[in-house]
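Residue-level listing of the chains:
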Amino acid sequence: MTLPDLGPLWLTLHLAAITTGLLLLLGTPLAWWLAQTKSRAKPIIEALTALPLVLPPTVLGFYLLVLFSPNSTFGAFWVQVTGETLTFSFTGLVIASMLYSLPFTVQPLQSAFESIGPKPLEAAAMLRASPFDRFATVAAPMAKRGFLTATVLSFTHTLGEFGVVLMVGGNIPGKTKVISIAIYEHVETINYADAHVLSAILLVFSFVTLLLVYSLNRQFPTGGRP
Amino acid sequence: MLSLDVTLAYPNFTLAIRETIPASGLTALFGRSGSGKSTLLRVIAGLDPRATGRIAWNDTVWQDGPQFTPPHKRGLGYVFQDTRLFPHLTVAKNLAYADTRARGLPGPSLGDIITALDLAPLLSRYPSTLSGGEQSRAAIGRAMLTRPEMLLMDEPFAALDAARKAEILPYLERLRDQIGTPILYVSHNMAEVARLATNLMLIDAGRITHHGPIEALLSDPNVAPALGLREAGSVIEAILTRHEDDGLSQLATSAGALLLPHVNAALGSRIRIRILAQDVMLSRSRPTGLSALNILPATVTDLRTGDGPGALVQLQIGTDRILARITRRSATALDLRAGVDCFAILKSVSVAQGNIGAMPPRAL
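In order, the protein sequences belong to chains P and X.
Under the working numbering, the first residue of the first sequence carries the number 7, and numbering increases by one thereafter.
Under the working numbering, the first residue of the second sequence carries the number 213, and numbering increases by one thereafter.
Wrong hints could be hidden among the right ones.
Just a sample of chain X residues kept apart from chain P, beta carbon distances all over 12 Å, derived [said to hold, decoys possible]:
id : residue
1  : Asn224
2  : Thr232
3  : Asp373
4  : Gln390
5  : Met402
6  : Glu443
7  : Asn476
8  : Gly530
9  : Asp547
10 : Val552
With a Cα cut of at most 30 Å, we get these calculated DSS-like pairs of lysine-lysine [stated by the list, open to error]:
id : chain 1 : residue 1 : chain 2 : residue 2
11 : P       : Lys125    : X       : Lys305
12 : X       : Lys305    : X       : Lys285
13 : X       : Lys377    : P       : Lys125
14 : P       : Lys125    : P       : Lys44
15 : P       : Lys48     : X       : Lys285
16 : X       : Lys559    : X       : Lys377
17 : P       : Lys150    : X       : Lys285
18 : X       : Lys285    : P       : Lys44
19 : P       : Lys125    : X       : Lys285
20 : P       : Lys48     : P       : Lys150
21 : X       : Lys305    : P       : Lys150
It should be emphasised that the hints constitute simulated quantities derived from the structure, not laboratory data.
Keep in mind it's a predicted model, so treat the numbers as computed, not measured.
We treat Cβ as the ideally placed atom computed from N, Cα and C, and that holds for glycine.
Between the sequences and the hints, there should be enough to build the whole structure, so can you do that?
Below is the structure:
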């Protein structure tokens with residue numbers, strides 16, 4: 007048996023890693039704000055954040071396709087600044103994946119921050135810690151399980167992305183052809199052997215990752231003592 | 213000193229405080245549950261920004277109209293009722309959290325605090341493995357290491373049983389007397405207040421009803437009802453002069469020698485004794501053939517009768533004033549009035565160990 011082309015696998019891992027990294031960077035402040043705010047805009051932002059959970063990926067993909075198109079204001083602006091189009095490009099795929107996986111980053115973090123409550127942060131304030139200091143030294147370490155969950159869910163969710171990629175990225179080897187697209191193509195061309203191998207890799211990888219997370223969570227039940 | 217002129221209105225409760233709290237000693241804020249004690253502490257710390265008015269520490273204004281200094285810039289230490297040690301850090305790192313953020317400020321060193329509160333054996337442990345008393349000690353140490361201008365303590369020992377409390381109170385006395393940081397201490401336990409406080413502030417329904425030196429307030433028969441009559445009692449100063457063979461200790465007070473059950477302190481120590489009004493009997497002539505060991509000459513200075521069958525008698529003994537709670541009938545029978553000489557009788561065993569504490573240094 008020969009292995010199928012593993013290019014789509016590496017591309018997928020690359021995409022998932024970049025997406026997860028950027029999401030943690032941007033999703034953490036958003037989740038922190040949502041956990042702290044008493045603003046009336048909170049339910050609106052929460053609903054927007056949760057939208058990718060319920061929206062068919064094709065709908066999200068369709069709107070992104072329209073937005074990314076060089077004929078739209080945003081798409082044209084992007085072309086002007088970078089010289090490249092967002093449609094059918096890896097960058098476009100990253101942006102699409104970030105939107106698609108956003109709730110998987112924000113929701114675990116938000117609930118982790120909310121479960122800390124105001125008390126430890128007040129205690130830190132009374133120890134001369136500034137607001138950023140309180141976040142970095144108290145909230146973030148106490149929410150480490152939330153960070154672990156957010157990272158793993160965002161990463162594995164991006165791995166399995168299909169509909170959005172198909173709409174925005176198409177099927178360009180080495181650029182936008184991710185593993186789920188490759189599997190679909192193998193099935194279309196009745197190449198079940200290769201579809202099996204790639205599917206099995208994704209299945210085992212996802213299972214092992216989740217197993218790891220749940221074992222770790224069991225090991226640190228309170229987030230307190232190592 | 214801490215100058216307060218603040219208001220905080222809730223639907224069913226209004227806190228309105230206009231007071232000046234001295235920048236020395238331990239000021240106890242005493243009141244019932246729901247009287248606004250903890251709320252006031254949070255307002256002072258800046259943890260409840262809805263409060264309006266003015267708060268100033270000496271010449272530094274923390275709050276006045278639109279001006280609001282956030283809690284982390286007020287330089288206050290805060291010991292919460294639930295300790296709030298960080299669960300993800302060891303005791304050593306909890307202490308270091310405060311220590312590193314207060315570098316270069318005058319105050320006790322990390323070593324001073326570890327010694328004063330006996331924290332060395334706890335350093336490598338996580339808060340969840342500590343007993344209640346150990347957690348309290350660690351939390352007090354951590355708050356002191358912020359080198360606070362003033363230490364706010366919100367019923368720090370409410371969750372401790374009597375034995376644990378008895379263990380930790382001497383540590384707090386040591387802190388008050390050796391390090392000298394002013395403390396504002398919230399409590400609804402009169403025995404604790406009588407033992408620790410140099411200054412007493414009574415709060416009821418969001419307002420301060422009385423404020424003054426502890427000896428004066430506790431021996432004022434007109435204040436006693438606000439404290440609860442069963443808890444009424446005054447504090448006097450004594451010096452431990454001798455340990456007797458039969459387990460008693462002799463103390464010198466301004467009114468003469470007192471014999472009490474063994475006092476666990478070094479000879480020559482200055483000690484504060486709380487004498488409950490209900491433990492004092494009165495006699496117009498010097499009684500003989502009585503089992504009570506302490507009979508002190510006294511002069512009635514004030515008498516307060518209420519609606520009930522009881523009466524509170526204020527007595528001058530030496531330079532101190534104490535209260536006796538007797539029946540109105542006895543007060544009439546003995547013809548007790550201001551200026552009358554009599555004898556105050558105190559059973560030795562009625563003074564519990566918990567009512568004997570270290571004396572704070574005299575205010576300058």
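How the hints compare with the structure:
Against chain P, the non-interface label of Asn224(X) holds: every CB pair exceeds 12 Å, the least being about 22 Å. With a least CB separation of 23 Å from chain P, Thr232(X) remains clear of the 12 Å interface cut-off, as annotated. Look at Asp373(X): its CB is around 23 Å from the nearest CB on chain P, clear of 12 Å, so calling it non-interface holds up. The non-interface label for Gln390(X) is consistent with chain P: the shortest C-beta to C-beta separation is roughly 22 Å, beyond 12 Å.
For Met402(X), the requirement that its beta carbon stay farther than 12 Å from each beta carbon of chain P is met, with the minimum near 27 Å. Non-interface call for Glu443(X) relative to chain P: holds, since the shortest CB-CB distance, roughly 31 Å, exceeds 12 Å. The beta carbon of Asn476(X) sits about 34 Å from the closest Cβ of chain P, which is more than 12 Å, so the claim that it is off the interface holds. Against the 12 Å criterion, Gly530(X) stays outside the reach of chain P, whose nearest CB is about 43 Å from its own CB.
At roughly 56 Å from the closest C-beta of chain P, the C-beta of Asp547(X) stays outside 12 Å, upholding its exclusion from the interface. For Val552(X), the requirement that its beta carbon stay farther than 12 Å from each beta carbon of chain P is met, with the minimum near 52 Å. Of the pairs offered as hints, the one joining Lys125(P) and Lys305(X) holds, with about 18 Å between alpha carbons and a cut-off of 30 Å not exceeded. Simply put, Lys305(X) and Lys285(X) have alpha-carbon atoms about 22 Å apart, close enough for the 30 Å limit, and the pair holds.
The hinted pair formed by Lys377(X) and Lys125(P) meets the criterion: a straight-line CA distance of about 24 Å does not exceed 30 Å. This hinted pair checks out: Lys125(P) and Lys44(P) have alpha carbons roughly 17 Å apart, not beyond 30 Å. The straight-line distance between the Cα atoms of Lys48(P) and Lys285(X) is roughly 29 Å, inside the 30 Å bound, and the hint therefore holds. About 25 Å separates the Cα atoms of Lys559(X) and Lys377(X), which keeps this hinted pair within 30 Å; it holds.
Between Lys150(P) and Lys285(X) the alpha-carbon distance is near 28 Å, which keeps this suggested pair within the 30 Å criterion. Distance restraint check for Lys285(X) and Lys44(P): the Cα-Cα separation of roughly 23 Å lies within the 30 Å cut-off, and the hinted pair is therefore satisfied. Distance check on the hinted pair: Lys125(P) and Lys285(X) sit about 18 Å apart at the alpha-carbon level, within 30 Å; holds. In summary, the hint linking Lys48(P) to Lys150(P) is supported, as the alpha carbons are separated by about 24 Å, within the 30 Å threshold.
At roughly 18 Å between alpha-carbon atoms, Lys305(X) and Lys150(P) fall within 30 Å of each other, so this suggested pair holds.
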